[in-house]
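Colleague: Sequences and hints are given; from them, build the entire structure.
Number of protein chains: 2
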Amino acid sequence: MSDATAARAVTLGDVAARAGVSISTASKALNDRGDVSAATRAKVRAIADELSFTPNAMARGLLAGRTGTVGLLTSDLEGRFMLPILMGAEDAFGAGRINVFLCDARGDAIREQHHLKELLSRRVDGIIVVGRQTDPRPSLGQELPVPVVYAYAPSDDPRDLSLTPDNYAGGRLAIEHLLACGRRRIAHVSGDPAYAAAQDRLAGARAALGEAGLELVGEPMFSEWTEHWGRDAAAMLLQRHPDIDAVFCGSDQIARGVLDSARDLGRTVPDDLAVIGYDNWEVLATNARPELTSIDANLQQLGRQAALRVFDAIDGIDIGEGAHHLPVRLVIRGSTIARR
Amino acid sequence: MSDATAARAVTLGDVAARAGVSISTASKALNDRGDVSAATRAKVRAIADELSFTPNAMARGLLAGRTGTVGLLTSDLEGRFMLPILMGAEDAFGAGRINVFLCDARGDAIREQHHLKELLSRRVDGIIVVGRQTDPRPSLGQELPVPVVYAYAPSDDPRDLSLTPDNYAGGRLAIEHLLACGRRRIAHVSGDPAYAAAQDRLAGARAALGEAGLELVGEPMFSEWTEHWGRDAAAMLLQRHPDIDAVFCGSDQIARGVLDSARDLGRTVPDDLAVIGYDNWEVLATNARPELTSIDANLQQLGRQAALRVFDAIDGIDIGEGAHHLPVRLVIRGSTIARR
DNA sequence: GAAATCTACGAAAACCCTTTCGAAAAGGTA
DNA sequence: TACCTTTTCGAAAGGGTTTTCGTAGATTTC
Chain A
112 MSDATAARAV TLGDVAARAG VSISTASKAL NDRGDVSAAT RAKVRAIADE
162 LSFTPNAMAR GLLAGRTGTV GLLTSDLEGR FMLPILMGAE DAFGAGRINV
212 FLCDARGDAI REQHHLKELL SRRVDGIIVV GRQTDPRPSL GQELPVPVVY
262 AYAPSDDPRD LSLTPDNYAG GRLAIEHLLA CGRRRIAHVS GDPAYAAAQD
312 RLAGARAALG EAGLELVGEP MFSEWTEHWG RDAAAMLLQR HPDIDAVFCG
362 SDQIARGVLD SARDLGRTVP DDLAVIGYDN WEVLATNARP ELTSIDANLQ
412 QLGRQAALRV FDAIDGIDIG EGAHHLPVRL VIRGSTIARR
Chain B
112 MSDATAARAV TLGDVAARAG VSISTASKAL NDRGDVSAAT RAKVRAIADE
162 LSFTPNAMAR GLLAGRTGTV GLLTSDLEGR FMLPILMGAE DAFGAGRINV
212 FLCDARGDAI REQHHLKELL SRRVDGIIVV GRQTDPRPSL GQELPVPVVY
262 AYAPSDDPRD LSLTPDNYAG GRLAIEHLLA CGRRRIAHVS GDPAYAAAQD
312 RLAGARAALG EAGLELVGEP MFSEWTEHWG RDAAAMLLQR HPDIDAVFCG
362 SDQIARGVLD SARDLGRTVP DDLAVIGYDN WEVLATNARP ELTSIDANLQ
412 QLGRQAALRV FDAIDGIDIG EGAHHLPVRL VIRGSTIARR
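One line per chain: the protein sequences are A and B, in this order.
Using our numbering, the first residue of the first sequence is number 112, and each one after it goes up by one.
Using our numbering, the first residue of the second sequence is number 112, and each one after it goes up by one.
Source of the hints: derived by calculation from the structure; they are not laboratory data.
Each pair may be met inside one copy or between any two copies, as identical chains are not told apart.
Computed list of lysine-lysine pairs in DSS-like fashion (alpha-carbon distance at most 27 Å, straight line):
(1) LYS139 x LYS154
(2) LYS154 x LYS228
(3) LYS228 x LYS139
Modeller: Spelled out as structure tokens, the structure:
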């Protein structure tokens, strides 16, 4: 960028002057509006191309009242869950010629307020708030001049619209799959029990077991969402309850640890022991031995949905309120069913 | 968002009227500019707060010529490398009251052009282009009205400024560490040989070995950047060259696979065999058995640098040109040195 | 008391675009 | 020729803010 001439950008006026027409005619020619002769239109278009004229979105937005931008307020970019949501949203917006303002609050409420102000000052047409856990988070309030949709982490105010993955259903789905595979003695190893996700998944699992007249083998084991813990937990578990035939893990990382320990202890997966993970983190799941069956939260879909809701709200459509739990999906791989 | 009144946002005029002063006085009062009495200033401020007035950034940008926004044009959000870069950039910008337009081109040139046009239409003050590989990518051209900095993937035009991690130095660093650990019979397992990163790391490794009067054991093994390949490669390697005492892996995933196979084949890491990875992907590296020594490309720092360069360019400072290789960092863990 | 100096404020231009409405030109009809 | 219709274009307003410059009033100086 040595010679980036900071020359004034070419304006509609420049195009009009060069084409020998008025500014209004030029505008109409470029926007297919009003009555302009075909010849004039072609001429203006040609000149605009030649000067590589790009209309000033700000000037346009000033008039229209709409900016064609949406704010994406994340609390923690780092998280693995943020990305697919972000992609889904960006995807949906990209199709509609909307641009995304990205703000990362780093989990800090003050930074969040600061970013919120920035977004409002830029007159975004809507805001998506993406949390890093499925635990409820403080609402931005009801007084905002733009529609807000909460994704992943629901708002703690039921008047807000929140989209969040259905962890309860995920827990059920995992257990139902294990039961369908003929497993009966199922244990649960999960992460931090303070996470709503951990509790919801467990609740779903217990419900599914209950309907089959079964219970978890032993107490559910909670600690961290890491492979390390998965290994340690599995070692303890297999010693205490050598007769288990399946483990439902709260995350793929934990499941990887469980797989490792099981292998070390001479258990064969899936024949001897079925293992199911959660999150369907592809890199981890597909490189496990055997490949890991998992629950996918459809996060990209969730991001898409959030974006579409914001679209609707912008168009004046009522998008409703409350926390909506989006369906999750079972991805079957070799850790629960032997390959034929 | 049930009651998001689409009421017209409060303008400076509203504040001025309510305060009983002119628009210009109100503006000056809020911006600490011009001559305004302390009393008037306080009054205007109070009213602005009360009405929760937020200046319209578009109207402001229209005048100033600067928008306080920067475009982040990524070619592939999905990639693991994008995130830290994005975070670093967002961080640097956040501090300077600049907002980030995020655009994901999905690796598609047409989408990229489309997004570029959008960004220019929004009159961003600068653009950061983030690629997904360290291979050179097509330049956006020299004719753009705003400064551009290429991060991770350098531009193929030497007149552009590119910041990219120094893979050659990374290769050297890895080998030098292994040599310092007393290893002499070192093999190399890497990913897709079509990646510049793979070739650069290998070249650096060979240079370091050469200086010590050594050579790689066997041919470098290329295939995929996966654990699967790491396992397969290690199995072959240890059969063909049972006497190797270290493996330099092209990625942490490959290294994880190598660790797995080594363990299966009864080799002890690090006593018997040292393993070093690349990328320092924390989740993988710290959960390996033993924890994985790796090379960290300082991507967050790279993103920061890119942002700062754009800042400078906006301020009219010449930011230079050419591809700059940013230093990488060795992170020592248990896979190369036994814990005391 | 007049002149000079400050101080505090307001009017208006500028930024770039879209849109409305009126006017001019061109063509057709009686 | 006088009148009407259709087509094509331009003048001007409007959007919200910043900034420049002028002015009215207050204060000081001789």
